[in-house]
Amino acid sequence: MNVDVQTVVEVAAYVGGGLAMGFGAVGAAIGEGYTAARANLAISRNPDISGDIFKNMLVGQAVAESASIFALVIAILLLFVDVPVPSVLKAAALLAAGLSMGFGAIGSGVGSGYPGGEACFGIAKQPQIASQLTTNMLIGSAVCQTPAIFSMVVALMLMFIDFGAAPLQPTWAAYLGAGLSMGLAAIGSGYGGGLAAGASCEGISRQPKTAASVTTIMLVGQAVSQTPSIFGLLVSFILMFKSFPESTALSAAMALLAAGICMGFGGIGPGIGNGMAAEGAVRWVARNVEHAGDLMRIMLVGQAVSQSTAIYAMVVSLVLIFVV
Amino acid sequence: MDSILYKEEKMAIEGVEIVKAAAFIGAGLAMGLGAIGPGVGEGMVAAKACEAIGRNPKEAGLLTRTMLVGQAVSESTGIYSLVIALLLLFVV
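The listed protein sequences correspond, in order, to chains Z and G. For the first sequence, counting from 1, position 218 maps to 218 in our numbering; every step adds exactly one. For the second sequence, counting from 1, position 53 maps to 53 in our numbering; every step adds exactly one.
Errors might be hidden in some of the hints.
Sample of chain G residues facing chain Z (criterion: CB under 8 Å; computed from the structure) [what the hints assert, rightly or not]: (1) A21; (2) L29; (3) V45; (4) A46; (5) L62; (6) T64; (7) M67; (8) L68.
Honestly, the hints are just simulated from the structure, not real lab data. Nothing here was measured: the structure is a model prediction, and the numbers come from that model. Here a beta-carbon is modelled for each residue, glycine too, at the ideal position from N, C-alpha and C.
Isolated chain Z, as found in the complex:
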């Protein structure tokens, strides 16, 4: 069988496009389903304002949809990408772009369904603050999209930056590692940010006068939840832009691939955990606003401890890149 380089690049681009859209569709669909389920519950509770709830449901779903639209854009670009100088290295970069975007859209899609659903339910309970709930929902779900946007940025960089004449061995593994690091690490942060945003919509509908404190602690909690995806972005930038000396040794390539896998999987748990901590704190600031300071402190301490395993994963990745 005779396979030329052009064929290898096309195969990688098509497989990458399929992975980007296939995985990218998982999250948004689940998140929007949750929003719609809560909207149905809300309408059954308060059918008189079904129009307001329906409108809010559609706005919330539209924001949740954006993660999978990013995936669609990357998939279409991969299907029609024009590679002026085909090389096996470019093939690896295109496959990695698909992996980054596909995995990266899962968490943000699921996560941004929660604020949509809770805002719909909140409108049923407190129709007079509907616009306030919609605003809070939009802020929360916009922050949830950040990890998906990071993934899209990494995917676009892998597709369109000309990395010059880097040696095929071991740079191909560095590109695949970069895609996996960003894509997988984005899952936890997107989902965790959604938990915090959902709790804030629920809290504001319970105690509208606590809205300012609730939104503040939601944003702080979400910002900390994003950290694992920022670690993933950092490791993937290092893998993309560090130049590696040519080496035909299998271990040199596998060390770079393992660095990406380590940071990617290692970011999932802390991202979700930080989001859970933020959810608990936001929920209880709404119920007990006098102690918002205590709750903020315990949330940050808890998140810092939960973050530690992401830091271990980053240390192991950096050791794999720079030391071994």
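Mind docking chain G on chain Z? Use the hints.
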């Protein structure tokens, strides 16, 4: 004769290479997958600690201590993963 010797030598080097490569992949998987559980578990502890302080703010000190001890125990599996990853990288 020479060619056979050469082949054996080459095979031996490849064997070492494969072991090294497997150790790196193993280290990445150990730390990467090992970080998921503690991250989620410690987050749950922190969420419940927030709930408990919200219900009973007078006991904030006691609850913070309990949370940290609980998280430290939950952290242990993450530290096992780190130890195994470092052993795979530097000792094996």
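Margin query: Of all the hints numbered above, which does this structure not satisfy? Sort the numbers upward.
Written below: Hint 5 contradicted; others consistent.
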